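All chains, please: the whole structure from these sequences, using the hints.
Note that the working numbering numbers the sequence shown so that position 141 is 156, with each residue one more than the last.
Hints were generated in silico from the structure; no laboratory data involved.
Computed from a prediction, not measured in an experiment: that's the story for all the values here.
All residues carry an ideal CB built from backbone N, CA and C; glycine is no exception.
Treat the hints with care, since some could be wrong.
[Claimed, not checked] Label pairs and their in silico Cβ distance ranges: (1) 127 with 78: 19 to 29 Å; (2) 44 with 117: 38 to 48 Å; (3) 139 with 50: 13 to 23 Å; (4) 40 with 123: 31 to 41 Å; (5) 78 with 119: 12 to 22 Å; (6) 166 with 57: 31 to 41 Å; (7) 116 with 96: 16 to 26 Å; (8) 28 with 77: 35 to 45 Å; (9) 43 with 119: 32 to 42 Å.
[As the list claims (entries may be wrong)] Taking lysine-lysine pairs in the DSS-like style, the calculated list, with each CA pair at most 25 Å apart, reads: (10) 39 with 95; (11) 162 with 117; (12) 169 with 27; (13) 129 with 27; (14) 94 with 129; (15) 108 with 27; (16) 129 with 87; (17) 138 with 108; (18) 95 with 117; (19) 129 with 108; (20) 107 with 95; (21) 107 with 162; (22) 138 with 94; (23) 87 with 75; (24) 169 with 107; (25) 108 with 94; (26) 117 with 107; (27) 87 with 117; (28) 107 with 129; (29) 138 with 95; (30) 39 with 108; (31) 39 with 117; (32) 27 with 39; (33) 138 with 75; (34) 75 with 108; (35) 75 with 94; (36) 169 with 75; (37) 39 with 138; (38) 108 with 169; (39) 129 with 95; (40) 107 with 138.
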Amino acid sequence: MHKLKNSNISSKDELYNELCFNLKSIIDGESDLIANLSNASALLFNTLSDINWSGFYLWKENELVLGPFQGKPACIRIKKGQGVCGASVLEKKIILVSDVNKFPNHIPCDSDSKSEIVLPIIKNNILIGVLDIDSPIIDRFDFEDSKGLSTFVKIILENM
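In structure tokens form, the structure reads like this:
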């Protein structure tokens with residue numbers, strides 16, 4: 016079970032309820048996308064355990080372009096279908112990868128990353144970008160993470 020950093024929360028459901036509550040508190044009433052994504056990536060990075068990168072890629076001119084993030088420097092541009100982020104865009108669904116070294120076309124921006132979860136951000140059937148989170152641990156992410164992070168993304172979309 017992965018916990019919030021510096022917390023006694025014991026279930027993933029509680030973890031994501033707390034995380035989403037904190038996100039709402041931070042971005043409530045703010046409509047600026049970059050400001051909200053910046054705070055969201057910082058909140059994830061400084062709250063979730065066992066992650067080494069959290070951030071956003073924004074869809075611009077038929078490719079993903081690096082947006083607000085926390086962690087080591089990252090790839091700046093990703094084409095549709097390329098890597099985990101590009102696969103999420105192509106399939107328009109959450110992609111959860113237990114071992115990135117076994118994922119076709121994986122883009123190794125950080126050799127420490129072992130697992131990854133990517134969620135597309137779509138509003139009114141228009142792709143805005145993706146939320147990307149990496150971990151240095153194989154099998155870090157599961158269905159509960161995808162469920163909790165989906166709620167997290169919905170909160171961002173409500174403030175756009």
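For the pair supplied as a hint, residue 39 and residue 95, confirm whether the alpha-carbon distance does not exceed 25 Å. Since the Cα atoms of residue 39 and residue 95 sit roughly 30 Å apart, the hinted pair is violated (cutoff 25 Å).
So if I understand the rule, the pair passes when the alpha-carbon distance is 25 Å or less; does residue 108 with residue 27 pass? 21 Å, holds
Under the criterion that the straight-line Cα-Cα distance not exceed 25 Å, is the pair residue 129, residue 87 satisfied? Judged against 25 Å, a Cα distance of about 14 Å means the pair holds.
Quick one, are residue 107 and residue 138 close enough, alpha carbons at most 25 Å? The hint holds at about 12 Å.
With the threshold set at 25 Å, check whether the alpha-carbon distance from residue 162 to residue 117 stays at or below it. 24 Å, holds
How does the Cβ-Cβ distance of residue 166 and residue 57 compare with 31 to 41 Å: does it lie in that range? 18 Å, violated
Cβ distance range 35 to 45 Å for residue 28 and residue 77, holds or violated: 38 Å, holds
Starting from residue 39, check that the Cα of residue 117 is at most 25 Å away, please. 36 Å, violated
Holds or violated: residue 138 with residue 75, Cα cutoff 25 Å? 15 Å, holds
Assess, step by step, whether the Cα of residue 169 is no farther than 25 Å from the Cα of residue 75, and give holds or violated. 21 Å, holds
Taking the Cβ atom of residue 43 and the Cβ atom of residue 119, is their distance within the range 32 to 42 Å? About 40 Å separates the Cβ atoms of residue 43 and residue 119, which means 32 to 42 Å holds.
Does the Cβ pair residue 78, residue 119 satisfy 12 to 22 Å? Distance hint for residue 78, residue 119 holds at roughly 19 Å.
Going through the hint list in order, the structure does not satisfy hints 6, 10 and 31.
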